[in-house]
Amino acid sequence: MTDTMPSNAELEAIRPPRSQWWDVWDQFKTHKGALLGAGFFVLVILAVVAGPFLWHIDPTYIDIRARNQGPSLAHPFGTDQLGRDTFARMLAGGRVSVAVGVTAMLLSLVLGTAVGVLAGYFKRLDGPLMRLTDLFLALPLLPLLLVIIMLFRDTLRAAFGPEGGIFILIVFVIGITSWMQTARIVRGDVLALKEREFVLAARSIGTPPRRMIRRHILPNVLSPIMVSATLGIANAIITESALSFLGLGFPSDFPTWGRLLFDATDYLQQYPERVLWPGLAISLTVLSVNYIGDGLRDALDPRIRGR
Amino acid sequence: MFDASAAPLVEVHGLKMYFPIHAGLFRRKVGEVKAVDNISFTIHEGETLGLVGESGCGKSTAGRAILRLYDITDGVVRIDGQDISDARGEALRRMRPKMQMVFQDPQASLNPRMTVAGIIGEPLDEHARLSRRERLERIYELMDAVGLNRNFANRYPHEFSGGQRQRIGIARALALNPKFIVCDEPIAALDVSIQAQVVNLLEDLQERFGLTYLFISHDLSMVRHIANRVAVMYLGKIVELGPRDALYSEPLHPYTQALLSAVPEPDPDHEARRQRIILTGDVPSPSNPPKGCNFCTRCPRVMPVCREEEPDFREVAPGRFVACHLFTEETDKKTAGQAATEASEQVQQGE
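Chains as they are written, first to last, in our numbering: chain A, 2 to 308; chain B, 433 to 783.
Just chain B, same shape as in the assembly (with noise of 0.2 angstroms):
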């Protein structure tokens, strides 16, 4: 599909971002939060990945580490060729036109005292040296990009609806002509009728402008629908790492196939004859993940060595990436075939 002599246009190599937890009366360090341990993925121009998981399992954190609005703890983040994982200061102020984001709440997102033309221009105010005139027709024409009334330019955030406000944001990312944006759930917030829009919104600027997305979602169908791959991520690690239809038709973690046994199906007759793979028990606390695989706690087909050795995220087949013992090498091939297959049985009966 892709291109694959290409460098890629986004590489994450080892991305770790902890968190220090500090207590006592000295304000000492006594932990971290493994929010994001040590994931590595590749994005290809003009590709869209969607980065799925529950709530909490460090999607965000992933997505705003890339960006560089944390200082990462470990790892390499390329984006376009370019290190940003140590630029600070005005180098990676220089870097930040290729690389925006989507937010998931438009009314936070928006500073509640700047008008719709002050928030679109700001990022043009920081990178782009316009006259006054240029810097207008430049924030009408990211507008009508984004389907906003002309005629809005004047009023503030507060004064639209969740969607329009979502098409601020997406118009303030614009308009910088970046490659690479971030999607950070930029339909969690909207209403169903609304979240169908601006995802095509967003499909149909990729198209125009040739924009490669992150997108972060815990919606499976809408990840679907709009990714080329899909990465899952569970506890700060990514388990999974595939094209969307292999994943979806065939999913190979334990915990990507519990994930999209939860997804309900249109049609009654297959609804009923869904099989949920319930997982018992908690997500454990990122700030003391279990020894070995992390899921080992909660997967239902768990095995000694998962309690000891942590999974390596390995090439199972090609373009397919998992972290699981039951596809590693010492393991019976055989076993890891009837995984996969007792797999999509239980998970594809819509099919």
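One chain only, chain A, in its complex shape (with noise of 0.2 angstroms):
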């Protein structure tokens, strides 16, 4: 055995060092919450956009006899009040939902971890930054919407369609009026970093500002923003239901989850399982997203790695 002990030393001396990305993996991987979810995300990916091209029922078909139906084989998840298939409208829902949810959420992060960043770890931007912040958390949310859906509403479905253009807007308006949490966390991590002895050293080194924080403010903030990433999604899905509730969001025969909800609650009593599929898509979804964050976050920490 000692004999060997010095070979294997040389072996492994002359291997490279290997990326950073494939202990991240090997540690994610040991999360068993985190694949699971990872799996499930994959899926729900998979089914809302090569779904529709497998299950063949147009959402928006109105077939009036086969209304208020339960689950049978032609109908997975029944029928609604209109006799349209609840699967396809599903389905083409959680494409706008996951969609909406997913765009919002990276808009929200790009912003607020950019004004975090910036107004913590240059002191001249931070007043300046902070202060619009706070104006932001101030703004009254749905005088807000409604002033910005009045006035752009019909200049962007002129140029992107009716959907396309709503979804934009929607987009838009929830990345806009979410990102001052992630601002004022990163702002606060950034600032006690900024105070750490490393970055003194890499500025003796001479790494200019804009390196700086790729190498070393960045990778050290990442906890915080991937928890309001994953919580990001979730409050993003939720937002769009409650804007298609209210009507300024999607039209009301275009399907999202959010959209789903709403009209079936109407219908409680009657057919309670008509929830029970959009708010269960929700939930396992958000879920998912969460356990993904979790498994993402402790893989990104050399120092959780290997336990």
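Derived from the structure by calculation, the hints contain no laboratory data.
Ideal placement from N, C-alpha and C gives every residue a C-beta, glycine not left out.
Any given hint could turn out to be false.
[Said to hold, decoys possible] Label pairs and their in silico Cβ distance ranges:
1. A:G189 with B:K461: 23 to 29 angstroms
2. B:H657 with A:G128: 45 to 51 angstroms
3. B:S719 with A:V228: 37 to 43 angstroms
4. B:A620 with A:W22: 35 to 41 angstroms
[To be verified] Below are the EDC-like pairs computed for lysine to aspartate or glutamate, each with C-alpha atoms no more than 20 angstroms apart in a straight line:
5. B:K448 with B:D537
6. B:K461 with A:D127
7. B:K530 with B:E486
8. B:K611 with B:E443
9. A:K195 with B:D503
10. A:K195 with B:D537
11. A:K30 with A:D299
12. A:K124 with B:D503
Join the two chains into one complex using the hints; note that each chain is given alone, in its own frame.
Put into structure tokens, the structure is as follows:
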């Protein structure tokens, strides 16, 4: 055994440093919840992207004679009060809801992280940017949404079509109104991080600010960013349903998970399963994203890695 | 000992580093902390200058200000003939490879999310144009130089002991072949057994690469071991500067005497006879230093002139500088001589 030790050591010494992402993946694999969550999320994405091509019933096709049916082979999730197939509507609605959730979350994340890092790192920008954040936090959301939608709905519709225009509008509205929490948390972390000695060490090496942020600041504020990202998706899906409910979102016959949920609440007494499908879809998607975020956060922190 | 005709590698003239204090509703500037107040010294190539003083006297600030990690308030810092006191941005960045720093807390000075290879390679990424293979080769070379196993290249800082982490920090500082390294209490956070290892490593590296050190520490015995010359700081000013042996055997400034009298003696017989000079009172606030000599509030040999005039930092013997009225020309030479002999009696009981 003692003979083989040095040769092993030599073999390892020749091995070049491997990419950190392999370590991250190795750790991610050990987190069962995260793997399960990732599996489910991929399944949901596949279903909503490829599903409508396999399930040929048009979600807007009204078959009034087959209305209010329970689950059957022809309609696995049953039909609604107009006889539209709930399964097809779920697939079509999921496509919009997941797309809105992910894009709005990304938008608010990028905005929040950028504002937080800039405010925390550059002292001169701190005051103005944080006052801007306070301003957005203090804005009354609903009147703001009404004004934005009144002002831009028609122009966006004309430019990108009725669904595309509303999609852009909703993503923009959700993103612009939910970045403040992220910004505040990130700013606090950056302020503390900036005083750490490794940042000073990087400064003594002559690392310019942009690389300092990318190499030293961002990787170390990843945990709070990850948490707000996972919460952000849930928040975005639910806000979108609330907007649709208020008539400010997508047209009423255009299915989204939130829309389906609110439509079904009218029939809660007679057909409780109709609330169940969209409700379950939203909750499980949000849960799976939370687990993915949890696993990613652990995997990205070398101190937790390998435990 | 050193070629006096050669220009010194590091020249510091009248360096001042004041930090503003803001208070009140409008965050107006109400005062300044004079962390480093008008210090001057030179370091020759290949030399180690020890910088000692109690906590909060401005040692670390001085070290950082010399490397221009702060924007200095006033003064001139010249390293290898180049004036870096006013350099900014890209110009300063290009001078960085010449001067590096080893930090006090090896845990805090390494980014926990980077591998050892990444940490040591960062200066190479910033300043050297190397291919992937050359870069890796250089990283391995540096790891060999500081006595780290090459297998550790893929590991993260939290997987190492304090001494090993400090070796990583030293390897990073060496990466760009600097001439001048500021060691900011590199051993303060380490075990005593590891301290010796790290200090010996620093000495070996100095010999191999011809490095020049500014060694900041409050461990007087360690400074005595590693430094060629020693500067003593009190409240932002250098009170005494001289060759190591002369300073330790015959300290001139009352503060230096008090400081050295606090060093324990290994021999119990001598230790029992050691007379400590116990200073009374606290260090004054650096935002409101006393009028006259900074040390006048605690000096056992204080004179009326000390409370009025600030003493000059003058050369009293070849190579020995001291800032004290006991040694100014106006004062009676005899008194000064007496002070020095008394001082050596007081402190050098152990010799």
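Outcome for the supplied range 45 to 51 angstroms, where the beta carbon pair is H657 of chain B and G128 of chain A: holds, 49 angstroms
Agreement of K530 of chain B and E486 of chain B with the hint, judged by alpha carbon distance not exceeding 20 angstroms: Given that 20 angstroms is the threshold and the Cα spacing comes to 29 angstroms, the pair is violated.
Agreement of K461 of chain B and D127 of chain A with the hint, judged by alpha carbon distance not exceeding 20 angstroms: Holds - the C-alpha atoms of D127 of chain A and K461 of chain B are around 19 angstroms apart, at most 20 angstroms.
Pair hint outcome, K124 of chain A versus D503 of chain B [Cα-Cα no greater than 20 angstroms]: The hint holds at about 15 angstroms.
Straight-line alpha-carbon gap K448 of chain B to D537 of chain B, limit 20 angstroms: The hint is violated at about 25 angstroms.
Whether the CB-CB distance between A620 of chain B and W22 of chain A falls inside 35 to 41 angstroms: holds, 37 angstroms
Straight-line alpha-carbon gap K30 of chain A to D299 of chain A, limit 20 angstroms: holds, 11 angstroms
G189 of chain A versus K461 of chain B beta-carbon gap, inside 23 to 29 angstroms or not: Given about 26 angstroms between the Cβ atoms, the range holds.
20 angstroms limit on alpha-carbon distance, applied to hinted pair K611 of chain B and E443 of chain B: holds, 14 angstroms
Holds or violated: K195 of chain A to D537 of chain B, with C-alpha atoms at most 20 angstroms apart: Cα-Cα ~16 angstroms, so holds.
Satisfaction of the hinted span 37 to 43 angstroms by the C-beta atoms belonging to S719 of chain B and V228 of chain A: holds, 41 angstroms
Restraint status (C-alpha distance of K195 of chain A to D503 of chain B at most 20 angstroms): Holds: K195 of chain A and D503 of chain B sit about 17 angstroms apart, inside 20 angstroms.
In this structure, the earlier hints numbered 5 and 7 are contradicted, and the remaining ones agree with it.
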